[in-house]
Amino acid sequence: MKKATRVRVNMNFDLKKLLDEKILLFDGGMGTMLIGAGLRENEIPESWIYSRREELFDIHIKYIEAGADVIQTNTFGASGIKLSSSRAGAMLDPEETNRRGAAIARGALERFKDRDLLVAGDIGPTGRFFPPVGNLREDDARNSFMQQARALDQGGADFFLIETMSDLREAVEALRGAKEASEKPVVVELTFDKKPKGYFTLMGNTLREAAETLEREGADMIGANCTLSSNSMIGLARELRAQTDMPLLFQPNAGQPVLTDGKTHYTQSPEDFAEDIGKIAREGADAVGGCCGTTPEFIRMIREKLEELEK
Amino acid sequence: MMQFYEKCRKAVIEGDSDLALKLATEAIDKNKPVLDVIEKGFVKGIEEVGRLWEDGTFFLPELVMGAEAVKKALSLLNPILSDQQTKGFEKGKVVIGTVEGDIHDIGKTLVATMLSASGFEVYDLGYDVGVDSFIEGADKWGVNCIASSALLTTTMQKQRGIIEKLKEQGIRNKYTVIVGGAPCSRKWADEIGADGYAKDAVSAVALVGKLISGD
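Residue numbers (our numbering), protein chains in the order written: chain A, 53 to 363; chain B, 78 to 292.
A portion of the hints provided could be inaccurate.
One side only, chain A facing chain B, incomplete, derived with CB under 8 Å [said to hold, decoys possible]:
#1 90
#2 94
#3 103
#4 142
#5 247
#6 252
#7 255
Derived by calculation from the structure, the hints in this document are not laboratory data. Computed from a predicted model, the values in this text were never measured in an experiment. Even for Gly, the Cβ is constructed at its ideal location relative to N, Cα and C.
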């Protein structure tokens with residue numbers, strides 16, 4: 053386990069050095085919080101960057117107050133390709149959306165000058181596939197991600213977080229695009245499912261293939277998020293650690309979404325989740341956080357758990 | 078003959094659309110029993126692809142390529158069957174879509190692909206489909222089954238909406254209604270009064286088969 057030490061983060065921070073000093077705590081679910089704050093079914097999350105700026109700002113604040121070191125911008129679906137795939141998204145300018153999304157997160161940090169906080173410029177999948185599954189072209193994907201990363205950079209992101217990728221090829225195009233756009237660090241998370249023969253992406257990529265490829269392509273940290281609940285992520289963390297010495301990040305889901313009396317809740321409690329995150333940390337994680345279904349309450353419990361572990 | 082069926086089966090497992098098309102042409106040219114070629118050859122292939130998907134040997138690319146190979150073969154063979162007025166292969170008609178407010182359509186498209194590769198006539202309405210469009214489509218094409226997908230707990234209420242609307246119009250019993258998508262479950266299907274739930278594309282094929290053609 054690493055010792056907790058105070059580190060000062062500046063514009064050109066050294067992610068590797070930071071990760072050597074402590075386990076970095078990322079925030080939790082964004083969609084979960086937006087729905088809780090009243091996101092309607094015909095709205096896309098990114099529209100709140102314009103229409104409900106205050107509420108979005110408050111979500112970032114709540115995660116920082118809960119103890120997150122890193123907050124993720126509300127730009128998961130803000131690549132040009134993804135935005136253009138929906139009516140609501142096509143109305144938003146990709147560059148403006150990413151710039152503003154990053155600026156809102158940056159603004160939230162201003163309230164906590166005594167803390168070392170970072171903004172992760174969030175980049176999600178295009179929602180489309182390369183052949184033979186779909187007809188997405190590699191250079192189109194890369195350009196779309198490059199445009200997104202450049203705007204996130206301009207808006208004040210400290211580094212890029214490419215996440216929930218179910219195709220290693222798309223993750224690589226996003227990584228290349230981000231590197232073309234900026235010299236800031238790039239973190240890449242794929243999403244794996246547990247199959248009888250091990251952990252695989254939807255496309256069949258293995259942990260080993262992912263680790264080797266992303267290291268070769270120059271990722272600064274790699275990891276897994278979404279799909280798996282925290283208890284299933286423990287085994288994945290162990291196997292991925294056995295494959296690589298790279299810094300690792302894990303952000304599981306809070307179990308599965310269940311609708312009861314018209315309200316969504318997830319099957320895992322913050323307590324159980326934090327307990328599992330503690331185990332993931334012991335397996336050699338360098339950074340942790342939450343994905344779907346996790347809230348500031350989860351992050352608060354994880355922060356307590358990490359402090360316990362550091363003692 | 079078994080050897081020929083085996084070739085057809087293999088072409089699907091290997092995801093070889095060109096070979097599947099070639100074999101379908103050969104079947105027609107040589108007057109082979111078309112229904113058997115489909116059922117003992119191509120469909121056996123897609124069933125095997127489904128099995129390999131479930132046990133984690135095959136992934137999305139292999140599933141899609143296998144389904145495409147069957148669809149290519151069927152595009153030639155199905156018209157012959159209807160010319161011969163052969164009954165027996167057409168398993169039923171399904172209208173499918175992702176509900177209104179929801180743009181997640183990867184899983185839904187996969188279900189549509191596997192259903193049509195397995196012999197169902199599928200009408201895919203795409204994503205962000207309103208309740209009325211499902212019902213109008215079902216009526217227009219005279220389907221047996223209405224299948225809806227929802228990936229969000231906020232949009233899954235629309236699946237209930239489809240059933241309520243059918244009841245309102247007094248035509249609930251006219252259709253088999255099934256649901257799918259990440260937040261759905263057997264319990265959800267029961268709660269809203271749907272006829273079934275499937276967790277993925279492979280089990281959706283089995284479910285629709287069981288519900289509408291008694292397979």
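Taking the earlier hints as the rules, which of them does this structure contradict? Violated hints (numbers, rising): 1, 3 and 4; every other hint is consistent with the structure.
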